[in-house]
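K.L.:
Here are the chains, one letter per residue:
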Amino acid sequence: MIQLPNHKSSTLVQVGDRVLVRFGTRSIRAEVIEDLGGIGVGGRQIVRVKALEPTDGEREEFEVAADELN
Amino acid sequence: MVSRSLGKWNIHRKAELDQMESAHGLTGGTSRGRRYATEQINHAYAMLLSSQFQGFCRDLHSEAVDHVVTHFSGGNGASASLLRANLVWGRRLDRGNPNPGNLGSDFNRLGIDFWDQVKSAHAWSQRRKDRLEMLNEWRNAIAHQDFSNVRQPLHLNDVRAWRTACNGLARTFDRVLSRHLTAIVGAQPW
Chain Z
1 MIQLPNHKSS TLVQVGDRVL VRFGTRSIRA EVIEDLGGIG VGGRQIVRVK
51 ALEPTDGERE EFEVAADELN
Chain X
1 MVSRSLGKWN IHRKAELDQM ESAHGLTGGT SRGRRYATEQ INHAYAMLLS
51 SQFQGFCRDL HSEAVDHVVT HFSGGNGASA SLLRANLVWG RRLDRGNPNP
101 GNLGSDFNRL GIDFWDQVKS AHAWSQRRKD RLEMLNEWRN AIAHQDFSNV
151 RQPLHLNDVR AWRTACNGLA RTFDRVLSRH LTAIVGAQPW
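Order-wise, the sequence lines are chains Z and X.
Residue numbering for the first sequence follows the working numbering, starting at 1 and increasing by one per position.
Residue numbering for the second sequence follows the working numbering, starting at 1 and increasing by one per position.
Chain Z extracted, bound-state conformation (with noise of 0.2 angstroms):
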């Protein structure tokens, strides 16, 4: 018998969605362009995004709690 958490997890943004991104002390637009699912903790949704403008050389894509967008 498979055991689950029982927190239900919920989806706040969806591939192709155009999100705001808070890192450090300022934000980047970036588009998500993959969807983990309710894998945080509490089953929080976690997204895979690409920026959409130049980060200096800093990483492209990275990974964010969708309820941590903008």
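What the hints contain is simulated information worked out from the structure, not anything from laboratory work.
Virtual Cβ for every residue (Gly too), placed ideally from N, Cα, C.
Among the hints, erroneous ones may be present.
[Unchecked claim] Computed footprint of chain X on chain Z; a stretch qualifies when at least three of its residues, placed anywhere within it, have a C-beta under 8 angstroms from a C-beta of chain X:
1. 12 to 18
2. 29 to 36
3. 40 to 54
[As the list claims (entries may be wrong)] Restraint ranges, calculated between C-beta atoms of paired labels, are given here:
4. X:Arg171 - Z:Leu20: 34 to 44 angstroms
5. X:Ala143 - Z:Pro54: 31 to 41 angstroms
6. X:Ala161 - Z:Ser27: 26 to 36 angstroms
7. Z:Arg29 - X:Asn157: 42 to 52 angstroms
8. X:Glu39 - Z:Glu60: 32 to 42 angstroms
9. Z:Ser27 - X:Asn149: 21 to 31 angstroms
10. Z:Val15 - X:Ile11: 13 to 23 angstroms
Once you have looked at the hints, place chain X on chain Z.
P.N.:
Here is chain X on its own, set in the frame of chain Z:
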């Protein structure tokens, strides 16, 4: 309780892999053509197994990172994004096979001697690790159509043995990460 990543492996990823078992069973007859068809299905099954296991390992890493980030960012979204981005930056599982080297490299960044812990957690871990290595050698052979480093043909029982090894490793990874996260964040993650 298990991680959400292991839950997904046990249900959704299992269902995907079971479809390959069904496809193998649907290829009937004893002709030479049938043997060729089943071998191609075995190749596809091995590729799918490796990619699904890669997906599981990446999910588990992301899930573990979320626990670390949630604990250490103190609810500050800007810090959380920064911390998370750095923990997954250059992650080998995003681009490469889920071979033992890549797994160790990625999970060790969470402050754990990953394979040492996995081996001490279960007596069969070394054997399972060897089978995972073989699965990834086959994955590369199939992807590049270069079979010089593997012994052909690939049988269904080979893939089944690798799948059993992946199942065992998935359970051990889940347990080892749970123990490790409990030690560093002070609360059981799952």
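K.L.:
So, against the hints stated earlier in the document, which numbers end up violated here?
P.N.:
Those not satisfied are hints 1, 2, 6, 9.
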